[in-house]
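**Q** Those protein sequences? They're chains G and X, same order as listed. Under the UniProt record's numbering, think of the first position of the first sequence as 1, with each following residue one higher. Under the UniProt record's numbering, think of the first position of the second sequence as 1, with each following residue one higher.
If you're looking for bench data, these hints aren't it; they were derived computationally from the structure. For glycine and all other residues, C-beta sits at the position ideal for the given N, C-alpha and C. Worth double-checking, as some hints may not be accurate.
[As the list claims (entries may be wrong)] If you want a taste of the chain G side facing chain X, the calculated C-beta under 7 angstroms gives, among others:
id, residue
1, Phe101
2, Glu108
3, Thr142
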Amino acid sequence: MARRYDSRTTIFSPEGRLYQVEYAMEAISHAGTVIGILSKDGIVLAAERQATSNLLEQSIGSEKIYEMNDNVVAGVAGLTADANILINQSRVIAQRYLQRFDSPIPVEHLVRRLCDLKQGYTQFGGLRPFGVSFLCAGWDPTFGFQLYQSDPAGNYSSWKAACIGENYSNAQSILKQEYKDDDSSDAGSNSSNVGSAGTRMTMDDALKLTCVVLSKTIDTAKLTSEKLEFATITLKDDKPYIHIYSSEEIDEVLKKYDSVMKPSED
Amino acid sequence: MDSITLKVPHTTERPAEITNYGPTTHISQPSVTGTSVVAFKYKDGIIMATDCLASYGSMARFRNETRMISVGNNTLVGMSGDTGDFQHMKHTLENLLTHEYDMDDGQNMGTRSIYKYISNIMYGRRSKIDPLWNSYVVAGVENGESFLGFVDYYGTTYQSPTIATGFGAYLAQPILRKYVEGHEDELTEEEAVRILDDCMRVLYYRDGRSFNKLRRAKVTAEGVEISEPYPLDTNWTIANYVVGYGS
Numbered sequence: 001m002a003r004r005y006d007s008r009t010t011i012f013s014p015e016g017r018l019y020q021v022e023y024a025m026e027a028i029s030h031a032g033t034v035i036g037i038l039s040k041d042g043i044v045l046a047a048e049r050q051a052t053s054n055l056l057e058q059s060i061g062s063e064k065i066y067e068m069n070d071n072v073v074a075g076v077a078g079l080t081a082d083a084n085i086l087i088n089q090s091r092v093i094a095q096r097y098l099q100r101f102d103s104p105i106p107v108e109h110l111v112r113r114l115c116d117l118k119q120g121y122t123q124f125g126g127l128r129p130f131g132v133s134f135l136c137a138g139w140d141p142t143f144g145f146q147l148y149q150s151d152p153a154g155n156y157s158s159w160k161a162a163c164i165g166e167n168y169s170n171a172q173s174i175l176k177q178e179y180k181d182d183d184s185s186d187a188g189s190n191s192s193n194v195g196s197a198g199t200r201m202t203m204d205d206a207l208k209l210t211c212v213v214l215s216k217t218i219d220t221a222k223l224t225s226e227k228l229e230f231a232t233i234t235l236k237d238d239k240p241y242i243h244i245y246s247s248e249e250i251d252e253v254l255k256k257y258d259s260v261m262k263p264s265e266d
Numbered sequence: 001m002d003s004i005t006l007k008v009p010h011t012t013e014r015p016a017e018i019t020n021y022g023p024t025t026h027i028s029q030p031s032v033t034g035t036s037v038v039a040f041k042y043k044d045g046i047i048m049a050t051d052c053l054a055s056y057g058s059m060a061r062f063r064n065e066t067r068m069i070s071v072g073n074n075t076l077v078g079m080s081g082d083t084g085d086f087q088h089m090k091h092t093l094e095n096l097l098t099h100e101y102d103m104d105d106g107q108n109m110g111t112r113s114i115y116k117y118i119s120n121i122m123y124g125r126r127s128k129i130d131p132l133w134n135s136y137v138v139a140g141v142e143n144g145e146s147f148l149g150f151v152d153y154y155g156t157t158y159q160s161p162t163i164a165t166g167f168g169a170y171l172a173q174p175i176l177r178k179y180v181e182g183h184e185d186e187l188t189e190e191e192a193v194r195i196l197d198d199c200m201r202v203l204y205y206r207d208g209r210s211f212n213k214l215r216r217a218k219v220t221a222e223g224v225e226i227s228e229p230y231p232l233d234t235n236w237t238i239a240n241y242v243v244g245y246g247s
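Work the whole structure out from these sequences, hints included.
**A** If you want it as structure tokens, here you go:
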């Protein structure tokens, strides 16, 4: 029955659904997991690489995590080729903003522009939607550290911890349980800790939680740096600092939190 | 190939509306103009002054003009040059701020961003040989730091603790260099006003397109304040000694 209404993006089904958009999201749920966790002092992004082979030259280029700007780093889940187009577009948008206003683009602004682009492909033009979801981690002076999730429909929302890709619901429920939220009543009035108000997580907590979630959602017996991409965004000298981890650095992190990671059932 | 056509890079092609036989759509001279802007940094921020005159050539035509505007919460822009082009810039800046207001995202346009925005417009227009015939002085306080910048109709930009446009560049700037440069951070508001009034007085004496009714404005961390118009005390006794005066 759905078959009749799913061949074009620009029509609704009788139940009011856009099947192409939903199918795009289905594609993403088979892609490598990306996790993002917000802490008081920064954001951790970790991703599972799906293309692994001895022959792959993995030290050059990334598959999952990309810098969009000096103050925004994003993890992608879905069709990598589609993602590359959107990454490039966001980079141009960010640079254009910098050229016009001599100021780094506010994180939400960049996410919104990206999402408006994605939404366009669900409403006109007759082209299929982008099969990509993003987790954008960034910092700006107004709101501090922010983590945004966006989907092929062009929806975006801000999260303290989020997950996209394979096993995301599993990961999301672990995050919900383990994330140390700030449950004090005046979390909203915290003006000195702009944006990071509302969380008691430190970077260390975030890294540890990331490893826990990764170990539970990724299907391999042992996590190695070969299968992972890792990045953090923090502040250095009051300026945003993005660090994309090398494989040695990933190994160090995995070793440090080895004790909290349970190997999958033997 | 039937004919050989010269392929011109797209940047030098003019739009179809502007051709060799249509009207000239770029100005070669300004019409209603404002004279100098004088501005400098002091302890609390930046102080700026402009007179209230918009001249029509040598005629003192509009004597209650304001050649400074506040943009957003904490930026002050002063202009010298063509009034019509200034009004165009005013509208453009207003549109920018309206757009920001519409976005409603909690972000504010800082002084540096407004300065960059204006600079891009000015340079873009000069590159089309259709300039906005103005010099702008952009002042603001962002994150506790004072910002003072200049843009002209060539798109030339620079920042300095003291800035003066038009005649002010010749007559006021040397005064500012002597009394302000080096100790901007120690000047109190009274001292700054005194220096500013002295500059404007010299300009009134010697600039043939100036007027003894001026406004001053200050930008501090609290925002922009533009004063009411006021005249300066002047002393023309020396005129008696000028050969031919009064006779």
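**Q** Now tell me if each hint is right for this structure.
**A** Each hint, compared with the structure:
1. Phe101: With a minimum Cβ separation of about 4 angstroms from chain X (threshold 7 angstroms), the hint on phenylalanine 101 of chain G holds.
2. Glu108: Constraint on glutamate 108 of chain G satisfied, holds at 6 angstroms.
3. Thr142: holds (5 angstroms)
In the structure shown, no violation is registered for any of the earlier numbered hints.
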